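Peer 1: Reconstruct the complex from the two isolated chains, following the hints.
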Amino acid sequence: MSSTSTPQLSPLESEAITIFREVASEFERPVLLFSGGKDSIVMLHLARRAFAPARIPFPVMHVDTGHNFPELMEFRDRTVAEFGVELVVASVQASIDAGRVRDVTGPRSSRNQLQTVTLLDAIDEHRFDAVFGGGRRDEERSRAKERIYSHRDEFGQWDPKNQRPELWNLYNARHRRGEHIRVFPLSNWTELDVWQFLRDREVPLPSLYFAHKRLVFSRDSMLMAVDPNVEMLEGEEPFEATVRFRTIGDTTCTAAVESAAFTIDDIVAETSVARITERGATRADDRVSEAGMEDRKRQGYF
Amino acid sequence: MRRREPLRFATVGSVDDGKSTLIGRLLHDSKSIFEDQLEHVEAVSKKRGNDYVDLALLTDGLRAEREQGITIDVAYRYFSTPRRSFIIADCPGHIQYTRNMVTGASTVDLATVLIDARHGVVEQTRRHSLLVSLLGVPHLVIAVNKMDLVDYSQDRFDEIREQFTDFAKKLELRDVTFIPISAFRGDNVVDRSANMNWYEGTTYLNHLESVYVASDDNLIDVRFPVQYVIRPHTAEHRDYRGYAGVPAAGTLKPGDEVIVLPSGLSSTIAGIDTYDSLVAGLESVPDAGPGEAVTIRLADDLDVSRGDMICRPHNRPEVTQDLEAMLCWMDSDAPLLPRTIYTMKHTTRTVRAMVTELRYRLDINTMRRDASVTSLSLNEIGRVVMRATEPVFVDDYRLNRHTGSFILIDESTNQTVAGGMVRLTNA
Chain A
39 MSSTSTPQLS
49 PLESEAITIF
59 REVASEFERP
69 VLLFSGGKDS
79 IVMLHLARRA
89 FAPARIPFPV
99 MHVDTGHNFP
109 ELMEFRDRTV
119 AEFGVELVVA
129 SVQASIDAGR
139 VRDVTGPRSS
149 RNQLQTVTLL
159 DAIDEHRFDA
169 VFGGGRRDEE
179 RSRAKERIYS
189 HRDEFGQWDP
199 KNQRPELWNL
209 YNARHRRGEH
219 IRVFPLSNWT
229 ELDVWQFLRD
239 REVPLPSLYF
249 AHKRLVFSRD
259 SMLMAVDPNV
269 EMLEGEEPFE
279 ATVRFRTIGD
289 TTCTAAVESA
299 AFTIDDIVAE
309 TSVARITERG
319 ATRADDRVSE
329 AGMEDRKRQG
339 YF
Chain B
4 MRRREPLRFA
14 TVGSVDDGKS
24 TLIGRLLHDS
34 KSIFEDQLEH
44 VEAVSKKRGN
54 DYVDLALLTD
64 GLRAEREQGI
74 TIDVAYRYFS
84 TPRRSFIIAD
94 CPGHIQYTRN
104 MVTGASTVDL
114 ATVLIDARHG
124 VVEQTRRHSL
134 LVSLLGVPHL
144 VIAVNKMDLV
154 DYSQDRFDEI
164 REQFTDFAKK
174 LELRDVTFIP
184 ISAFRGDNVV
194 DRSANMNWYE
204 GTTYLNHLES
214 VYVASDDNLI
224 DVRFPVQYVI
234 RPHTAEHRDY
244 RGYAGVPAAG
254 TLKPGDEVIV
264 LPSGLSSTIA
274 GIDTYDSLVA
284 GLESVPDAGP
294 GEAVTIRLAD
304 DLDVSRGDMI
314 CRPHNRPEVT
324 QDLEAMLCWM
334 DSDAPLLPRT
344 IYTMKHTTRT
354 VRAMVTELRY
364 RLDINTMRRD
374 ASVTSLSLNE
384 IGRVVMRATE
394 PVFVDDYRLN
404 RHTGSFILID
414 ESTNQTVAGG
424 MVRLTNA
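Residue numbers (our numbering), protein chains in the order written: chain A, 39 to 340; chain B, 4 to 430.
Derived from the structure by calculation, the hints contain no laboratory data. The model shown is predicted, which means the values in this text are computed figures rather than measured ones. A few of these clues could be false.
As the list claims (entries may be wrong) - To give an idea of the interface, some chain A residues facing chain B are shown, with a C-beta separation under 8 Å as derived from the structure: (1) 86; (2) 89; (3) 182; (4) 183; (5) 202; (6) 204; (7) 208; (8) 212; (9) 228; (10) 277; (11) 280; (12) 309; (13) 313; (14) 318.
The beta carbon of each residue, even a glycine, is placed where N, CA and C say it ideally should be.
So here's chain B without its partners, still in its complex pose (with noise of 0.2 Å):
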């Protein structure tokens, strides 16, 4: 058996929707709040007059937002039960923080939207959704919360799914749960709430604990892109030459027929090392798939550098210069303009890049594509067309996150100004 990893979630949603309250309540009713960070937020709770412990002051980690009572960055918090161990993304939900809501979302594998049982789905509602959309999350939670505010209404908690639901038509959403919740209360976070009989789901928590994502790895399309050639020099490895990565997609077997991008030429895996295989002396692990880190050794002598991808001989990425990208713009002093060179990271491939036509930005409450645009600026979303310097190895996100991702950074600035998700079909 594979160590399982822990689950990976992002709250997202609307600024005051309770995201970090949601998040204090699900650590304090799973116990998983040690006592000295309790009692921290319990006095600074009473030094600011408050009459109840504020849960948020848990994730607001930073001076200003503790000042503001505002999440500006992403916070990560760790905890686990008995059944699974969870790494949280506390995003910030204010549209001007965007960029760090898809910091925190682009790596999880469930979001949870929260929305506010009052308001129903606003506009952070709707462009949280999209990024979450975009980006692939696999499993999405809308969290309806602030139930204690409405009187606990099944009607207003069905209004605001048929709401949702009927905006999300527009969106790629594969697995979409509904949870009526009060994270102030603790309502059907880690226990069942006594005052909506009328639902019948599970908790929160419960839901969290379940959610099936060993599935969500593509283990069909081997892409193995390598990351650095380990080279020893020593009297003892004299002729060790291992190319060192991790597959973003696959399972890789000694003796696999391989070629390498983007020389194109073929050989076969001579073995697959891990330090513990190296010391035991063993020929090689039995296999590698997604997310380990391996280095691999071919039978043959090619020239493999980092940046060059592996795969199989019937089953290769797209080797081209021309990509088509949904583009999230994250540069607040500077807008995208076309025709300007930036530095793209690529799996491990880094070239040169422009966008040479943008086909259109996408209007967040409308989903409308406005195709009169020239530039796009903080926070916005548009489909570009875009050329590098050299050929990048890529597929479409929605089959491989890790092969369809890409990075723009400011050469003048060094930020990191845009996030890329390739379109190779015209969808």
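So here's chain A without its partners, still in its complex pose (with noise of 0.2 Å):
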């Protein structure tokens, strides 16, 4: 091809494509999870993709824990507006608020355990019997395990020990009322693929993805910014540093990197030569245990 700024379909995307027709043709209400982080942008922007000219046949859905980087949520109304896709809001202060879940106070606290619940009373108040999600298998090594589509029971749960074979591309769909299938298109996706087209195909991101000066302090040896919802320990001081974010979750769980890459360009070059994966970085979350996310996933977290 001539033009290098439509560069042609590479197989990933045209896997991801073909999985999100495959879902749209076999699944009465698919939903796609979309918080404003860059994997769920890439992944409306393949929806996109798949559907032209025609518009895409799902509504997205935000797992809202309230603490969030207002950067994103401007970004996330801004985007939704943009692509005319109908907002869910499932809000983690709603459940809260309904006795669903307690919150969780102090200084560490974070309300990304009480997402789950969230979630699933979300997938099962709008009767969404296929659910997309962004996670890569390159992410953390219980998802490098994980099927494209993955079957969750009627409480949500995910059983790695039992998966259903998965062969060709022929992909089991099958389901009682109740369950779901959690559908990964971005599976075979490496961190830098992501950049790689964010880049090619100059998507629009959230300004917290690129080098910018924010007040941070250090806690566990991550920089965490200094926000309204994290609460400072004695003896935390906040700095000013050039950071940017490598994933973003809420305030409360993300932690940002020590960074001077002020393009995508410049993104796409660190993370090419990064020797930290992107959640060992910066995900407070997973460090909980050896199994962290496994013990999460199989409750039926994102």
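Peer 2: Put into structure tokens, the structure is as follows:
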């Protein structure tokens, strides 16, 4: 191809588009999890590519802990409006108010774990039967094991020891009422593939991903943003640093990394030589135990 | 130039032959392990009282796997070198988890069968090699591992090569390469071994980087299973009607004469769209080949829906309700029983089907055909005759992995219970 601005469809992109179309064909009520983070942005763009010139035939859903970076919320709303998709917000605060979960307090508290209840309640309420997630197998060791179509029982549980065989590109969509399938179109992408896609397709991103000056403090050798929802401990001192975010969850569980990557080309370059995984560098939630993610996933987490 | 696809490869073989260690070694010596992952593995190894870093812990990601020290399900790992990027499917070796091995091996370009140099070819070597052969994996590496434990003996390596070659005569393997390695010591994995000067071939990584796979796609027999019909219903695209999907084989171009199955009606390709071509206002992309997700428009207004197939008028798949197949049974709860009705998924088409005749069960060890059986149980492989409720559009699996493959789903449990490979000739 002559044009460099529109590179050929890559094999990974074709694979993801095929999965989107397959789900739209075989499920009644799919939904795409959309947080405004980079993986979900890639997902939304791939969904648009799968169905053009028609609109994306399913809504998107944000599981909102209430502890968000303001930049991310603004980006979320702008993007949803631009794409003309319906946004469902599942609120952790509403789950707390309804007594479904008890809020956690204290300096190290995070609503990250509470999201599972809110997510499962919303799936139940809206009767979603397929839930697209942006999870990638390169992110974490239990995700490395997960199928592209991942069955969830009526409790939202994943049974990693008894996954369905998944041969060729023939996906088994069958499930009982009340059960659902989590679908991961980006399963075979790496962090670098995501950034290359965002660069090659000139996708707009929240400013948080680019290097900027920010007040941070050091905790467990990670840089946490100073934020009203994060209580600082004695001895933790705020200081200004030039940082960016490699992953973005909510403010209580996501750390920044020191970086001078101001453009997307800088980020691609930085990512291709990174020596620490994105979750290892920035996610407080994965440090819980040797099997932190697996345990949360079994209970229905993303 | 089309973007190069990552090489997908699987590691298979018996338990404890060192599959996970080989991958750990490959990642470690090609500097593809992230620091936090290595620290984690070192810490866990130490906690367990190991006197060495157990690289297998890099891929054994489930709690149960780490507790038992075995691989239960396939783990996917990603790495790249300046020459190529790779997707690894690290498959379990236990017979109990064969269906997970089949999951991992069904999509790969290359399979590596590990053999413990001390034990030679064992039952799981034969089982996995047979499955790799049935699954039509185009390239095979026989990695004779743990050479350090047989004093790096050339005689032992040659003996195992003969053993395997003798057994493999009964299989359909196209491209087989033998490499003596020690995954634990690192011999011939990434770096050439100083302990086996008698070996003149390449290292394992070098072989992976250079194996040629572009010719593995079937570029001749045009097969386009219609996956999804795109109808925008918007003012701007009121009359747009596109058939979304991926060519299973062949290359399609605007102007090509085509027919649609099962109706048999003919038309020509008016244009082939991608998101980029639509945004750029192009009439069509130049062509679409295997693996490319596109949307086809036809010149005539035909009734075409999901599960139909677009192909060339003079090169059609078999349109049939009756077919023969090699079946790999994967259900741990119930055996295959002839005349039970299952849901059959084949390309984008879903029908119902039953096995009308079980011709034989294949004995993994002897390769003998046992015609006396009346059912297949977990991990058994058999030759079956099937009948479907509606016609399916099939090719022999050996000519086309997409139009020759299907799965069966149990309609009461929703489990995927079998993988099938269509056999059109009496082979």
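Peer 1: Against the earlier hints, flag every one the structure doesn't satisfy and list their numbers going up.
Peer 2: Hints 10, 11, 12 are the ones this structure does not satisfy, whereas the remaining hints hold.
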